[in-house]
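Asks: Spelled out from the first residue to the last, the chains are:
Protein chains: 2
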Amino acid sequence: MRSSTFFERFSRTFHDHPSLVKLLVVFTVTGGSLVASAESKSYDGMNVVNSHEADSKKKKVVVLGTGWAGTSFLKNLKNSAYDVQVLSPRNYFAFTPLLPSVTCGTVEARSVVEPVRRIIRKKHLDIHYCEAECFKIDAQNKKVYCRSAQDTNLKGEEEFAVDYDYLVIAVGARVNTFNTPGVEEHCHFLKEVEDAQKIRRTVMDCFERASIPTLSDEERKKALQFVIVGGGPTGVEFAAELHDFVNEDIVKLYPQVKDLVKITLLEAGGHILNMFDKRITAFAEKKFQRDGIELKTGSMVVKVSDTEISTKERSGEISSMPYGMVVWSTGIASRPLIMDFMKQIGQANRRVLATDEWLRVEGCENVYAMGDCATINQRKVMEDISAIFRKADKDNSGTLTVKEVQEVIDDICERYPQVELYLKNKQMNSIVDLLKESKGDVAKESIELDIEELKKALSEVDSQMKNLPATAQVAAQQGVYLADCFNRMEEAENNPEGPLRFRGEGRHKFRPFRYRHLGQFAPLGGEQTAAQLPGDWVSIGRSSQWLWYSVYASKQVSWRTRVLVVFDWSKRFVFGRDSSRI
Amino acid sequence: MRSSTFFERFSRTFHDHPSLVKLLVVFTVTGGSLVASAESKSYDGMNVVNSHEADSKKKKVVVLGTGWAGTSFLKNLKNSAYDVQVLSPRNYFAFTPLLPSVTCGTVEARSVVEPVRRIIRKKHLDIHYCEAECFKIDAQNKKVYCRSAQDTNLKGEEEFAVDYDYLVIAVGARVNTFNTPGVEEHCHFLKEVEDAQKIRRTVMDCFERASIPTLSDEERKKALQFVIVGGGPTGVEFAAELHDFVNEDIVKLYPQVKDLVKITLLEAGGHILNMFDKRITAFAEKKFQRDGIELKTGSMVVKVSDTEISTKERSGEISSMPYGMVVWSTGIASRPLIMDFMKQIGQANRRVLATDEWLRVEGCENVYAMGDCATINQRKVMEDISAIFRKADKDNSGTLTVKEVQEVIDDICERYPQVELYLKNKQMNSIVDLLKESKGDVAKESIELDIEELKKALSEVDSQMKNLPATAQVAAQQGVYLADCFNRMEEAENNPEGPLRFRGEGRHKFRPFRYRHLGQFAPLGGEQTAAQLPGDWVSIGRSSQWLWYSVYASKQVSWRTRVLVVFDWSKRFVFGRDSSRI
Chain R
-6 MRSSTFFERF SRTFHDHPSL VKLLVVFTVT GGSLVASAES KSYDGMNVVN
44 SHEADSKKKK VVVLGTGWAG TSFLKNLKNS AYDVQVLSPR NYFAFTPLLP
94 SVTCGTVEAR SVVEPVRRII RKKHLDIHYC EAECFKIDAQ NKKVYCRSAQ
144 DTNLKGEEEF AVDYDYLVIA VGARVNTFNT PGVEEHCHFL KEVEDAQKIR
194 RTVMDCFERA SIPTLSDEER KKALQFVIVG GGPTGVEFAA ELHDFVNEDI
244 VKLYPQVKDL VKITLLEAGG HILNMFDKRI TAFAEKKFQR DGIELKTGSM
294 VVKVSDTEIS TKERSGEISS MPYGMVVWST GIASRPLIMD FMKQIGQANR
344 RVLATDEWLR VEGCENVYAM GDCATINQRK VMEDISAIFR KADKDNSGTL
394 TVKEVQEVID DICERYPQVE LYLKNKQMNS IVDLLKESKG DVAKESIELD
444 IEELKKALSE VDSQMKNLPA TAQVAAQQGV YLADCFNRME EAENNPEGPL
494 RFRGEGRHKF RPFRYRHLGQ FAPLGGEQTA AQLPGDWVSI GRSSQWLWYS
544 VYASKQVSWR TRVLVVFDWS KRFVFGRDSS RI
Chain W
-6 MRSSTFFERF SRTFHDHPSL VKLLVVFTVT GGSLVASAES KSYDGMNVVN
44 SHEADSKKKK VVVLGTGWAG TSFLKNLKNS AYDVQVLSPR NYFAFTPLLP
94 SVTCGTVEAR SVVEPVRRII RKKHLDIHYC EAECFKIDAQ NKKVYCRSAQ
144 DTNLKGEEEF AVDYDYLVIA VGARVNTFNT PGVEEHCHFL KEVEDAQKIR
194 RTVMDCFERA SIPTLSDEER KKALQFVIVG GGPTGVEFAA ELHDFVNEDI
244 VKLYPQVKDL VKITLLEAGG HILNMFDKRI TAFAEKKFQR DGIELKTGSM
294 VVKVSDTEIS TKERSGEISS MPYGMVVWST GIASRPLIMD FMKQIGQANR
344 RVLATDEWLR VEGCENVYAM GDCATINQRK VMEDISAIFR KADKDNSGTL
394 TVKEVQEVID DICERYPQVE LYLKNKQMNS IVDLLKESKG DVAKESIELD
444 IEELKKALSE VDSQMKNLPA TAQVAAQQGV YLADCFNRME EAENNPEGPL
494 RFRGEGRHKF RPFRYRHLGQ FAPLGGEQTA AQLPGDWVSI GRSSQWLWYS
544 VYASKQVSWR TRVLVVFDWS KRFVFGRDSS RI
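For the record, the sequence lines run as chains R and W. Anchor point for the first sequence: position 135 equals 128 in my numbering, and the numbering is continuous, going up by one each time. Anchor point for the second sequence: position 403 equals 396 in my numbering, and the numbering is continuous, going up by one each time.
Don't read these hints as lab results, they were simulated from the structure. Check each hint, because a few of them may be wrong.
A pair counts as met if it fits within one copy or between any two copies, since identical chains are not told apart.
Claimed, not checked - Straight-line alpha carbon distances no greater than 20 angstroms define the calculated SDA-like cross-link-like pairs of lysine to any residue that follow:
(1) 191 <-> 473
(2) 336 <-> 326
(3) 115 <-> 251
(4) 135 <-> 185
(5) 336 <-> 407
(6) 502 <-> 309
(7) 191 <-> 575
(8) 502 <-> 168
Fair warning: this is a prediction, and the values are worked out from it, not measured in the lab.
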């Protein structure tokens, strides 16, 4: 309650004094960066010492991928007891939330990437990077097979195997085309830096093509019909960016064709931004309508040809429209590497690679997975209910007293976070309320339950389980968590710090991973951003745009990219976006 | 003499007070830019008025190309009496002298380009741009045939024809491979922005490949063998950039392979930078030797395979070496479009398209050519000597008196610039000295020559004729000159301002184009630049590097690129170069 009031006051202050917002930006950027720099310094000091103690019998850690999860793991690793080999086809980390900005030149591609070697060099640990793509994981023999990623006149792809003691899989996901015909061939995606650069060139191509003197108006309109498939944050942000680009820059440079531009957003569901608060969705839909961005909900793409995109409406009607460019941004699917690996380890019937709450891949030893390539398979309370009962019933009386339950409740809540969530949603203060509710009208202290009664009391709890979203925020937090586990591996061996093992003996070595949602942004164009922050705080407008600027600047992986991104934003304000087709 | 003393003093001052250099940079940059901005403002004012007077019967000017010549023509055009259509496959102007800096990330590709539409928008004239490549010029029917340049899913190349009243050809040249087998397929060039970007990616590929754990030392060395063919300013600058990149950035990021890097520069002639003063050549060769850049002069490439480059030494011996990357930078040749056009207009036996001193293409009407795609076919004095004699001999006496010669000498010098050059080289003050020399020991006033004596006096003069170098400086000056002609087309019709027509009646409409050499730079790496300025002033070292910075910053085509380039330089100083492979 208190925090929500704080946020409200906070928000009101900003609405009243917009200049404060800018001040906040400066502080957030500087503050965030100072923290980052202070952190990195303390690492450096530690690591130099550690690296002197390095011995040859270090455990080998192989990290696959240099995205959010992999990079945040590397950035937070402090333990010099490992010999780390990083393998990724991309020798840089990309700040993916800014990719939609790259598509229209609001931010340059180079400003959102940081070379991996630069990141690991600062660590002074035994970390080595190799530009190669893993194409097979052999968990049996603890090996990964890789292929070098070069394709130039260096000739020949090198293949090689790397041994590991621990494997950290953070390869991300691929775009999900739902096997729609023609998507791979004719659509643009927006997952990699190269995708964004390609979109940028194609946008310029469309405008240049529409300016060819001999074209009919029909053909011009076709060239300037931009279709975005998928109403998630990426699709919406790209639509907004494109609209801004057209209205702020293109109108001046291509005055004769500006009125022919049409942006259409196709969403199979009923609303765009459906993971956001309804107020945000409504605002975004209204803003798009005002801006002239056509929004087609309940519209599923069934086919993309080289000239037309065909959709099926809710009514069953199938219609086609010609297009100049289609950007496909509908969701993610597992990469072939992961699919193959899942078959090996008996997860063939699953859609996504499953890990436990400690990010350990289910069904194999010493393999961790995080980020978009995996999902945490949360343990259901109901599956373990007998074990929980046995563990809690210390006097083996066959019934649990309130005291007995209270002794294990912290461990239960830690092991099964859905319990806490359930209590919170029901606005209960403690588990006793829950027991009381199921037991009916008795004095709290005298509650005693047998196993069936405990089952009944907890029967609804598992309904609270939700998969984590496939976002940069989740991946980054997982990376930090796993690095922390690796940092304290030896300590935790002797002093386990996790919850009770209900099905086994003793305690878990570590606390399970717990995601803290810090909020989410949806930039809507025209310096308007929607922000949904914890505590159900929703803010829409210019002040959130400034918050967005400050958060994104402070979250940059290095001072270098921070300076570059802020420079790009300033450049855009002063000179507009560059329309050169390079 | 005086200017040389000034330069010497100037140079000495800088050596004594290096901080002055930096001050100069600021002034030059700011000053140059202020001039540019003042100019553009005055144009704007003029052009708004002019565009109101625009009528439908404007003469159509078609400009092919948006390089140095084309862009400087467009930037300097002020006359609203034309309807200008610009056709080029590149919708931007690229500041090509900075391309070698782009190859290693000292400057970003986007910082050296300016969209054409941005340039012409500021003019408020009737100028239209279309992204298309001209593939045929039909001078007979005054038409050019074009093809749109897009290659994406927009499908289909559009072809169309454009009429012209005046045609300005400024399409540049292609790389000259001298038909060496394998060059097209396996070598990198350095003419376009895309080339520079590709080189940058390939350089990173080479380093990433050399870091693959399973490679032998032999293979690593091969990957890191960089070969540059051609010891001209571009090749030398690229070699220097690459060396700096390796020594300033790569050593930190790829410490295990840095010692395997080898840069080899192949030059068919006896020395590198042979268009520069010998002091510069000697300094560059010594610096490269110190830096460990291998220099092989007298070495001609005979073949490039996918793994090896074969050279023929002066001795006739043929040797091969494996390579990781080859950059080919040996000179230029005519584009197929121009070759085809030359056949049409009877220039089939020439190597380069010939124009007269007014940049008019020889053999056709109302077609102008400038920049690297053409060369000025200077008129020889000896060809016109009888006409000159007749014109000068006003009293038809059959002999020329000093007075008669002096009356036409200004026109002669203007029409045949080699005369002036000859006098200067012989350190003569006036033509009278020349006549006197040929005539022997007589009093100046009493000299009288017949036609044979005049021929004898001027016989050596034509030896001074030189083709202009294929540089940005020449192209830019030609663009300015031609724009100026177009600006004053109507005035000059009534008041011709050029020299006497010796073979015809009256005067030429315009003064012929005259190139003013403002000096040339050769950056040699490590903040050392060689500068050769007019008046035989040679400066080598750090102060020239600052001069280079200030000249290149002030010569930028817009404030936008000026800010970007200066920011890139600062960025490099602070953060180093980016090694991400994008």
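Asks: With reference to the structure, classify each hint as holding or not holding.
Replies: So, going through the hints one by one against the coordinates:
Taking the shortest Cα distances, residue 191 and residue 473 never come within 20 angstroms of each other, neither inside one copy (32 angstroms) nor across copies (36 angstroms). Proximity of residue 336 to residue 326 under the C-alpha cut-off of 20 angstroms is restricted to the intra-copy arrangement: shortest distance 16 angstroms within a copy versus 58 angstroms between copies. Taking identical chains as interchangeable, the C-alpha atoms of residue 115 and residue 251 lie at most 20 angstroms apart only when they sit on different chains, with a minimum of 18 angstroms there against 48 angstroms within one chain. When the C-alpha separation of residue 135 and residue 185 is checked against a cutoff of 20 angstroms, the pair qualifies neither within a copy, at 29 angstroms, nor between copies, at 47 angstroms.
Within a single copy, residue 336 and residue 407 get their C-alpha atoms no closer than 31 angstroms, and across copies no closer than 84 angstroms, so neither meets the 20 angstroms cut-off. Proximity of residue 502 and residue 309 under a CA criterion of 20 angstroms is satisfied in neither setting, with 54 angstroms inside one chain copy and 74 angstroms between copies. Taking identical chains as interchangeable, the C-alpha atoms of residue 191 and residue 575 lie at most 20 angstroms apart whether they share a chain (9 angstroms) or sit on different chains (12 angstroms). Taking the shortest alpha-carbon separations for residue 502 and residue 168, neither the intra-copy value of 36 angstroms nor the inter-copy value of 65 angstroms comes in at or below 20 angstroms.
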